[in-house]
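Taken in order, these protein sequences are the chains called A and B. According to our numbering, the first sequence is numbered sequentially starting from 1. According to our numbering, the second sequence is numbered sequentially starting from 450.
Just so you know, the hints here were simulated from the structure itself, not pulled from any lab data. Just so it is clear, the structure is predicted and the values come from calculations on it, not from any experiment. Take these hints with a grain of salt, some might be off.
Quick look at which bits of chain A chain B covers, simulated, 3 or more residues with Cβ under 8 Å [what the hints assert, rightly or not]:
1) 269-279
2) 348-362
3) 440-446
Beta carbons are placed, not taken as given, at the ideal position from N, Cα and C, and that holds for glycine.
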Amino acid sequence: MLKKPTDPAWAWSPYEPDAQRPWNLRWAGHLYRRAAFGADWSQLQQALSDGPQRTVDRLLRPTADADAFNRTCDEHENLAGGSMDGLRAWWLRRMIETPHPLLEKMTLFWHGYFPANAAVVNNPRLMQQHIQLLRSHALGSFSSLLHAIVRDPAMLIGLGGEANRKAGPNENFVRPLIEVFTLGPGQFTEDDVRSAAKAFTGWFVLRGQLRYLPREHDDTVKRLLGREGDFAAENIVSILLEQPATARMVVRRLYRWLISETEEPEDALIAPLVESFAASYSVGQLVETMLRSNVFFSELAYRQKIKGPVEYAVGMAKSLESVVSTTHLAQDLAHLGQDLCHPPTVKGWPGGRSWINAATVVGRHNLSSKLLQGSEPYGDKFDPWAVARRHGCTTPESAAAFLLRLFLQDDVEERQKAALLKDTVAADPKAAMGRFAQTMTTQPEFHLA
Amino acid sequence: MSFTRRDFLRATLGAPAFLSLGRTALSQSRRDTVLVVIQLTGGNDGLNTVVPYGDDEYARNRTTLRLPTGELHKIDSLLAFHPRMEAFLRLYKEGRLSIVQGVGYARTDGDHDRAMRVWHTADPDPSRRPTGWLGRVADHLLSIAPMDTGAVFVGPIARPFALNAEHAVVPSLRSAQDLILRTQQQEQPSYQADDALLQFLRQSCQDACVKSNRLQSVVESGSGVGGYPPFGLAGDLRTIAQLIRADLGIRVFFAELGGGGIGGFDNHANQLGNHCAVLHQLAESVAAFIEDLQRDGTLDRVLLMTFSEFGRTVRENGRRGTDHGAAAPLFLAGGRVKGGFVGTHPSLNDLDHGALKVHIDFRRVYATVLDQWLGLDSRTILGGRFEPLDVLQT
C-alpha cells in the first residue's frame, strides 16, 4: 500500500481534501473510530456535509452540555454505592451516551497510561476518584495531571507506593513514574530512582486518605538527573517535566493511540509535536494537531490499529443507536482481555495484535451474536432493521447496503462485498438484518479501528 | 478410539478451506506438550494428604485429626495416602503419579494472599513482579505463535494472578462452548490482503473458525462425557481434556479447587470432614482426567501439577483444625512422569515455628516443567537459575 512520505511539515499540516484524498464516508468513519467510539448514521452524514476540520471542531468542543451530562453520570456512580461492577457499568454507559466522546476516549487513554488496578487498590471509591481525576485532566494539562497523579491514593496503592518511610524509601511508585510515565528506559540511572524514592518519603495513604508525615520525610540532599537539592515529591515531578524525553513519551503513546499501532514514528516526524508539547503540556492542543493532520488522514493511519474490546462493543452500540446492559457487557469485555479498572500491568493494555487470538476472536464473535440475536442477558435492544428503516430503507436489500455503509463505510473489496450482499432477501427482515449485522461485525475489517 | 489431527482436519474441513489455510494450518500440527496446573486454595494440610503414619510424632501431634491407620492407602512403611484418596494410590502404582516432598519457600509468613502471590509470581518478593509466572509463559508463547492462545484459566472464579501477562490475553473459560462459535460464520475472505494488519486479522478469523470447528467435533464425539465424577473440578478437567484433544495450540491450562466459596483447604477448625471432601474431589477428578487421556495416548503429552500456597502446622490447634504452615507435598501426574517420590519427607521433629521445613524450593518444580516439559528457558521466566528435579522420563 502506498504510504505518504513522512515530511514533518506536510504530516502535521491540517488535512485539506482534494481530488486525490477526497473527504468521504471512509474518512468520516476513520475519524469517529479514533476520536470517538464510532458514529451513528446521522453523525456520519453530518460529518460528510461539515468536512473534516469542522467535524474535528465538533469532537473537540461539543455543543451539547457535556459538563451537565458528566455531572449526572457522576451522581449515578455515587449512587452505585462504591461497587466496582457499578463503576465499570457506568463508565461504559458514559462512553456510549456521552455528547463528548473524545473526552471518554482520552480518559480511557490515560487509564492505560496511568494504570491503577482495582484488584490491588481494593477500594471502589478511590477507583472512582481516580477515573474522575483522569477525566478532569483528559484534555487538559499533562503537567497538572502528573502533579495530581503522584497525590492520587488509588495510583499510589495500585503501584505499591502507599507507604514511603524514611527508613526504607519505596521505589515501587517512583520507578514506573520515571521509567514508564515520563523518561522511558535508558534515560536515567539507578541513583536517580533512589533519590526520587527519598524525595517521596513522608507520603502515606492511610485509611484511603493521602497523608504527609513530616517526621518520615528524608530531608537530606538528593541528586536527580544532574540536579541537586532537598527535593520533595513535587520537585521530582517538575524536574521530570523539564526533560524532553517526557514530552516525547506522551507524544509517542498518543501517536499509537490516535494514529498508528503498526509503525513507530521516526523521531524526526514527531519532533515538532514534541517541541510544542514540551512548551505547553497542553493535551488538548496535541490531540487537536494530530486529529487535524495530513498524517491522520493518510494510509499511514487508516486501519492501522486494532480495536480494543471496549471499542469493538461500544462501537456496535453507537452504530445501532442503543444501549444494552453495561453490567453484563463489562464482564464480557473482561473475558475478551479488557477489564475496565483492571489494567494488567504498569504498562496498561499493550493493544495491537495482542488483542487477537483464536479465543478472543471466538469471544468477540459470540458477543456480537449475543448482542444481535435478542437473547439474554442483552435482550433485543439492538435492532439493525429498525435503524435501517429509521434512515429510509424499506427493503432488506437496501437495509443490507445501508448496514455495510454504516459498519464498514462500504470499504471492503468488491468480490467480498458481492459475497456479503448476495442473499439478503428474507421472509423475516428483522431476523435477517440481525444476522447481517452480525456478519458485518465479524468481518476482519470491523476489528480494525 | 484414536484421534489424530489429520482425522480432525478430514472430519471438519473441506479440502478448499484446508488448502486456503496453507502454511498456517500445517504449522499448528505440532502436537506440543501441555501443562495443567491445579491450585488448591487455602493451604493444604500435607500431613493429612500424604500421611507419615509410620512416624510416632504424627499421632502425638494429631490427637483428633489423626487418620485411622487401617483406612489409609499405604505407599510404604512410612507414608500413605488419605483414606479418600484411593484413586491416587492407583495412579501411583501405575507410575502415573510422582510426589515431590517438602516443597515451599523460605520465610513463609502465613498470610494467604501474600503466600499465594509468591507462588503466582515465582518471586519471594512478589511486589516487584507485575506478572505471574504462567503469564510470562503466555507472553513468551505469544512471541512464538501469535495466533494461538497460549494459556487459559478454566473455572468459575476470578482468574488467578499466576496468569497475569504483560502482552498476552489469557482468557477465563467456563466450558468448551466459550471457544466454539455460537453461529456458523458466513465464509470469510480467504484471499491475501495487501495490508499486513488486515491480512493478520483475516488469518486470525479463519484460524479461529477452524479451531472452533475442531473443538466442536471433539465435543460432539462425546469425548470424556462418561467417567468424570460430578465435581466442579472434574468438570473443569473434562473441559481441559476436550481442549487438549482439539489441539488448539493451548500449552498451559489452569484450574482450581477450594477457592470458589465456603470450605476449601483452609481448615482452622473441624478440619476432618471438609478436608476429606476436597481431597476426595481432587483424587477422583484427577484420576478421571488421567484415565480419560490415557485411553487414546493423549496422556503422553500432558503433565499435571498441583500446588497450594502453604502447608499447615504439624500440631493441631485445639479446635480440631490446623494453622498455616510451610512445606507440603506437591503432585505431578501424567504419561511421562517417573513415578514415586522426589526428596525425603521433612522431619516432624525439626520444625520452624511449628511447621515442616522446606526441602525443595518451589521454583525448582517450576524450572523442571519449564525446561524439561514445555521446552522454555526457565531462567528468563523465573529470573534466575533453579536446579530441575529428576522427575520426568526423557
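Item to check | Cβ contact check, 8 Å cutoff: the stretch 440-446 of chain A against chain B, three residues minimum | outcome: Holds, because 4 residues of the stretch 440-446 of chain A bring their Cβ atoms closer than 8 Å to Cβ atoms of chain B.
Item to check | 8 Å C-beta criterion, at least three residues: is the stretch 348-362 of chain A covered by chain B | outcome: holds (count 11)
Item to check | Per-stretch coverage check for the stretch 269-279 of chain A, three Cβ contacts closer than 8 Å to chain B | outcome: violated (count 0)
Comparing the model with each numbered hint stated earlier shows that hint 1 is the single one that does not hold.
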